[in-house]
Every structure is written in structure tokens, then in C-alpha cells.
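Trainee: Take a look at the letters that make up each chain.
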Amino acid sequence: MEKVNVSAFLRKYTMVIALVLVAVFFSITTEGKILFPQNINNLISQNAYVFVLATGMLLCILTGGNIDLSVGSVVCFAGAAGAMIMDKGVNMWAAVLAMLIIGVLIGMWQGFWIAYVKVPPFIATLAGMYAFRGLSNVVLQGLTVSIKNETFIRLFGGGADCYVPDLFGGEGFNMTCMLAGCLAVVILIAMQLKNRINNKSKGYETAPLGNTIVKLVVISAAILWITYKLASHKGIPTALIWILLVLLVYGYLTTKTRIGRYLYAVGGNEKATRLSGINTKKVYFIAYVNMGFLAALAGILTIARLTSSQPTYGQGYEMDAIGACFIGGASAYGGIGTVPGVVIGATLMGVINQGMSIMGIDANYQKVVKGLVLLAAVTFDVLSKREKK
Amino acid sequence: MAKILLEMKNITKTFPGVKALDNVNLKVEEGEIHALVGENGAGKSTLMNVLSGIYPYGTYEGDIVYNGEVCKFGKIKDSEEKGIVIIHQELALIPYMTIGENMFLGNERGKSAAIDWNETYGEADKYLKMVGLSESSKVLVKDIGTGKQQLVEIAKAMAKHAKLLILDEPTSSLNETDSKALLDLLLRFKKEGMTSIIISHKLNEIAYVADKITVIRDGSTIETMDKHTTEISEDRIIQGMVGRELTDRFPKRHNVKIGDVNMEVKNWTVHHPLYPERKVCDNVSINVRKGEVVGISGLMGAGRTELAMSIFGQSYGTNISGQLYLDGKEVHLKTVKQAIQNKLAYVTEDRKGNGLVLTNPIKINTTLANLDSISPHKIIDKDKEYQVAEEYRGKLKTKCPTVEQNVGNLSGGNQQKVLLAKWMFADPDVLILDEPTRGIDVGAKYEIYCIINDLVAAGKSVIMISSELPEVLGMSDRIYIMNEGKIAGELSAEEATQEKIMSIIVSSGKGA
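Protein chains in written order, with our numbering: chain A, 16 to 404; chain B, -4 to 507.
Because the hints were derived from the structure by calculation, they are not lab data. Only a predicted model underlies this, so the values are computations on that prediction, with no experimental measurement involved. One should not assume that every hint holds.
In silico lysine to any residue, SDA-like type, Cα no more than 25 Å apart, as pairs [said to hold, decoys possible]:
id, chain 1, residue 1, chain 2, residue 2
1, A, K244, A, N57
2, A, K27, A, K296
3, B, K332, B, G348
4, A, K286, B, Y270
5, B, K332, B, D376
6, A, K271, B, Q336
7, B, K390, A, T221
8, A, K296, B, Y270
9, B, K373, B, Q336
10, B, K124, B, G142
11, A, K286, B, P356
12, A, K297, B, L353
13, B, K379, A, G266
14, B, K175, B, I227
15, A, K215, B, I374
16, B, K373, A, N213
17, A, K296, B, L353
18, A, K27, B, K377
19, B, K332, A, I301
20, A, K271, B, P356
21, B, K121, B, A108
22, B, K338, B, E385
23, A, K296, B, G142
24, B, K379, A, L268
25, A, K286, B, K121
26, B, K121, B, D138
27, A, K133, B, K332
28, A, K271, B, I374
29, B, K377, B, L353
30, B, K377, A, I100
31, A, K297, B, K390
32, B, K377, A, T221
From just these sequences and the hints, can you work out the full model?
Mentor: This is the structure we're talking about:
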């Protein structure tokens, strides 16, 4: 009995354990540098685009392992368009809105070919990958356009001072950040408790109390530790706000709404879903429209962070997003995958990137390691499923 | 007395939970055409799969003695080397390859890695001539008709130097002229010394070509008839196929009042989605009353599933014509959603392929067809979902630890119950159940029958498509018999017998 539990536990939390092991490994090899508050801050800001794109990619992958290769180019194109608009002196909010609309339109364009014409997603988005890369170059005329709007840069996580200001104005230690962390922990525990009481009163099955407590303690400790680190540097990076917003919204969307349910159902068994009276074409369409929207958001974060727009931005972003999903346990055949999984996958990729950079490992070798990690994660997934049968 | 080419001794094959073959014995003489007959699911195809190595040695019990030696085939290639070649009911040709490429697929001509195309097409033409097909072997398979494709399959078998040819329902997709040509070809091969085993439902064809007929029923061999010693009539074969006692396997319905016509279909014609010139359902008219169970009997490929799916929001077929009345009003159901909204439900025969999302838990599958009712403002009320799933779990006695269990981990019978729960929750007035007890054990079958009885007792209408004659007879108030896309007959429960149904099918097949 004990042994069964251990193996089930290992299978369920493999990637969490892997993440911890990798973090420990790097904190040893970098002599603890990776745990410096500043580096944790960087980790979040630098990888904001991965979290955002991987969340969108998850929805596409859920519909049947369908990926979107065009996101890197769309990130670049939306950013380029926004940079040009702001360069003309247009209001920053109008530019943000324009970028998001461009993303949605691109998503509709690709979604149309994929959902209604039945062009395989791989090909439709490969076409988009070329086309929008080319268009970015056209829009920017091959040049770098710098972003001068300070508010825009600060708000979307770029520049030197991209932190949520400390309400208490304390020196050194950011009290707001720490309080926010505590508040998050309190809300988390309250919600879990409410859920538990609710389930008990209705006689539903509840997880053993011990499990819940352990889980809560671990998660709370992680939140407090991270906020403590952030507070010791400059506070909450604004990029983190955007990441959290996206994760919360999509976490809710995938687990509690009709459309979320349809995404899983289509990926699990398209025919059965269609025969249940669900418009499966619309489900594919929505997944890709949403991907366009989130790619535009990632574009905004990218140009803000780099305070400029260049025709080469966003290259390889699609692979980071796809990798994060699969490392996070999404099935390459669709129907399986969660937003928390994506968080783990994206963080793992980020930690590996960061750790190797601090160690001073050549960027080319970093790619080799990332490739091997992806292969290992998916192999493990395939093997653990085989075992079950 | 010719020598025995093949003897299968005491073959027993079990699948998880089901004994598909139970001590089957089969003797085939050299140079004869031996027919295997039996109802759907009797075990004919399983037996042939054992013989050809699809189910490898070790997964079954018993011996295969071929040409005097005991054979232990591990894969199809092993049996083909000995000259045993099977031609499956579903043609295994690749449409966008030429006839020649198809014929030598996996058996390529030429030395080492390089294919000798001259030899390939030269040889292919030789074999095509042998089967009397005048096409060039460079024509793409998709460009020739099904009749010719079947001949290509046979030519392909000849190219493997077949000594024992097994044909599984070779004429099921052929018209009469092509069928006749194929059967004559078999007779010609016989004269040249070829041995064949033919599986067929078309008893007139069997009476025409077969020397011996072995009847298989419920996984056992019942008898072998020899044309040369006994008189073989179709009635005689039917008697062998269905001669089973009807025991008390079906729960009785008490005091169910049969009311007005609930659903009526008139002059329903459906064309094949890929070959629009082919009619899959031809001028079908049926109706079902409130509180009534109507059975639709027929052989595989009779067009029953296609009929049901085309009614259910046109989920099958093209150029659908005809009228559909629900509760006296004509409706036009273009999508599945409309069909569900008009209180129609179709419970598929293929629960894994078309019915359930196996990677999802029971509760999610239960609510999928009627998610709107538990998700006000598009947000799912998880409490309600759980309650619904629990309610149906209790009602249908689904055996599972919790409704959080993934459907993929349930047994067939319990999966079927989840599928039924899903459609009962959609709250239909008319349920079309397609093979509701396929592949589940006797106990679960009985429970499903009880659920059907409860449904009609509540005033719903049930149309039950089934290939199992005893089930149709035991459960239906009225039975339609379908064959080759048409309604071949209608019988009331009182007048219906297995023999009558079989002979209606057979005689309509002859008349076509």
C-alpha cells in the first residue's frame, strides 16, 4: 500500500520534483548565485513571454496535439506594429489595443484555415511563421525602432524600474511585496478550506486531510519564499502581474467553463464530441484566435522589456512555448494538460536557461541541454502511460 | 478421398472476459471450397485470424496442422510463406498507389533495396490476367471500382503463391454481376487445384460455390455439411446458424402502454459521403410509438447505423432526402445540436471511437451532451455536475469507485452504462440505441435491458439496432428488417422468429 502511494506520488509530481532537483543542482554549481533575489527577478521578467505563449499553446495542444509555429513571428509582428504606432506619437493605450486586435485578427486568419478549410495546423502556422516574419521586416523596414514611452515600458515589465511601487516607501525591503505574498497565501488557504468544507457538507469525495495540508504548506512556503526574495530586491516585477493574470484567467477557463471542457473533449475524442452536439470547428477556431491574442500580449511584453522592436524578435519563441507545454505534462495527442503543468514546464525551462547562463555555458550548448530535457520529459510521459496498461 | 490440407484442432481463444472460440475444429480438404457461416460475432473472423497468424501462436490454445505439419505462426508473414493468404472484408489497398505497387507491397520485386519496376509491373500484369482483370497494373487503385479492387486483392494473393485462399465476406461490397464473376473465378481456381475458405452471409452464394459448409455459433463449431452427401438448402443452413434455445435472458415489460407515434421517418434516402452515387439508405420509412421498443435487424453493412446517424442531425451521409416527424410535427435537423434540442438521442455502436472521451472521468462524460443545463452563464456548476453523475451512477448501477474515475479504466459494460447515462441526461424522447450490448457480458446485458424497459415505461421511445437476433426478438415490440439499405420486412413480436428474419434477409438479397 505504502509503495503504491509512493509511485503514484512520483508519477503525479515528477516534474515538480525535477524542478526542485534542477534548482538544487544549479544553486550548487553557481554557488547559490541563482538564488540571489536579483536573479529570481530576472528569471520572471525574462521568461514572461514563455508563460504567456505556453498558456495559449496549451489550448491548441489540448485540441489534439496541434501546435502553432507562427507565434514567434506573430510576437514580432504585433510588437513591430505597436512600436511603429507609438513612434508616430499615438496614445499608448490605443497602440496596446491595436496590437491586441492585430493578434486576434491573425488568430482568426489562421483559425479559419485550420478549423474550416481543414489545413493541417502544422502547415497553416508554418505559413504564418514565414508570412508574419516577412511582414515584420516590411513594417520596420529592416530597422530597429526604439520605444520611448516610459509608462508603457514600466507597465509591461521593461526598463530599470519595472516594479510595482512600494506603498510604504520603505528602504531596501519592499513591504508591499511581502504583504501581497502573505495575502496570496491567506486567500489560497481560505479557498482550499472553503472548498473542503463545501465538499464535506455535500458528501463528496475529498482528498485525505494530510495530503491537502502538505500540499498547502509546500505551496505557501514557495510563495512566501519567492515574495521574500523579490521584496529583498526591488519588489514585484510588473511582468509578474501580467503572468499571474494570464495564468489565473486561463486556469479558470480550462477547468470551470464550457469552452474549457470542449477543448479537452475535442482532443480526447473529436468524433464523440461532435456527436454530442458540440461545434468542434468552432472549438479549433477559438483555440487559434486565442493563441493570436496571447501572442500579441507576449509581443507587448517583449518590446517593453527590450525597449525596442527589431525584425528578429521572437525567433524560437514558439519552440519555448511548445517545449514548456510538453515538459509540463501536456499530451502530444491532445486532451491532456493543465495550466499548473505549464507553469512548472515554463519555470523548469527558465531555471535551466538562467542556471546555465550564470555558469557561463555557451548558448549553443544551452540549446543542446534544453533539447535533451524536452526529449526526456516526453519519453517519461510515454513510458509512464505504457506502464499503466 | 482427397488429402486433408488443413486441420484446426480444439482451437480456443479468449479475449479479456470473453471466450471467442471454444474448442473449434475445422478440417479442409485439398482442392475444395469450404464455407464458414454463422451470425455476426459467432467467431468466424477470429478463427481465420488465428489461422493466418494475426493472433500469434501462444495467444490461443489448440493446434493448426497444415500440409501434415504442426504450424506455429508468429506473424502474418509466417503463414503467407506457407501459402495461406487471407483477404479481409475491408480491402487493404492503398488508393493513391498503382495496382502493381499495391500487389507487391511488403513483397517487393528486385534485388536488395532497389525495386525493379519492370519486373513489378510485368509480374503484376501476369497475375491480373490470371484473375481476368484487363486493367493495366499502372492504374491507380482509386480509379477502379470496388469489384475490380477485390480482384486486385486476389491477384495480390496469387502473387504470394497462395495455396490456401481465405476470403472474408468477399462480396459484401460488390454488386451482383461482380459477385458472380468473383465466385466463378473461385470455381475456376478450384479446378486448377486451389483450396479456398470463404466466409459469407449470403447463403445463396455459399450454396452455389461451396463443397462443404461449417456452421459456427457462439464460438463453437456446430456441424459440417458436405454437399456431396447431404442435400444443402438455405433453410437447412439457417437452422444450423440460429438453432439456439431462447432462455429467460430478457426481463419482461409489464403494463407498458404503447401510445401515439413519436417519431416517423418517411422515404428516407441517404447517399454515401465519399461515393455520392451509392445509396446507403434507400427510401426507408419507419416509425416508433411512445412506450415502444422497435428493433432493427439486419446484417453488418445493411445501412442501419447509417440510417440512425443520418436521422441524428445528418451526422452521416450526403444528399439526404425524406421527411422526419417528431411528435407529429415535421422537423429538419441539420446539426447534432438541433437533434438533441428536439429530444432525439443516438447512442453509438462504437462507444470507444464515437461515444466516450476515454481520457476524461465519468462525470465529464455524463454531462457532455447536455452541458448547457449545468453551466449557467457558460460557467460549469461543478457541484451540480457531480450530483448528476452520482444520480446516474446510482440509477444505472454503474460499478466504479467514484465518478472521478477515468472512463478508459472501466469495463465494457460499465462504459456502456456511462454512455447511456450521457444520453439519458440529455433528456430525449426518442433514443436510438445502436448495438447497445456489443462486447459486454451477459449480466451487464440484462441490466441494460432493464434500463431499456424503464425508459419505455416512462413513455420514451426506443429504437434498438442489433445484430443479435435473440436480443431483437426478446426485447422488441416490433421489428424492422433491413438489408442493403432497404427495409426488407416488418414483423410484430408475436410473428417474428429467427428463421423468419433470416429468410427475409436472404430472400431480399436474392431479389436485388
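Trainee: For a quick check of understanding: which of the numbered hints are violated here, in increasing order?
Mentor: 2, 23, 25, 30 and 31
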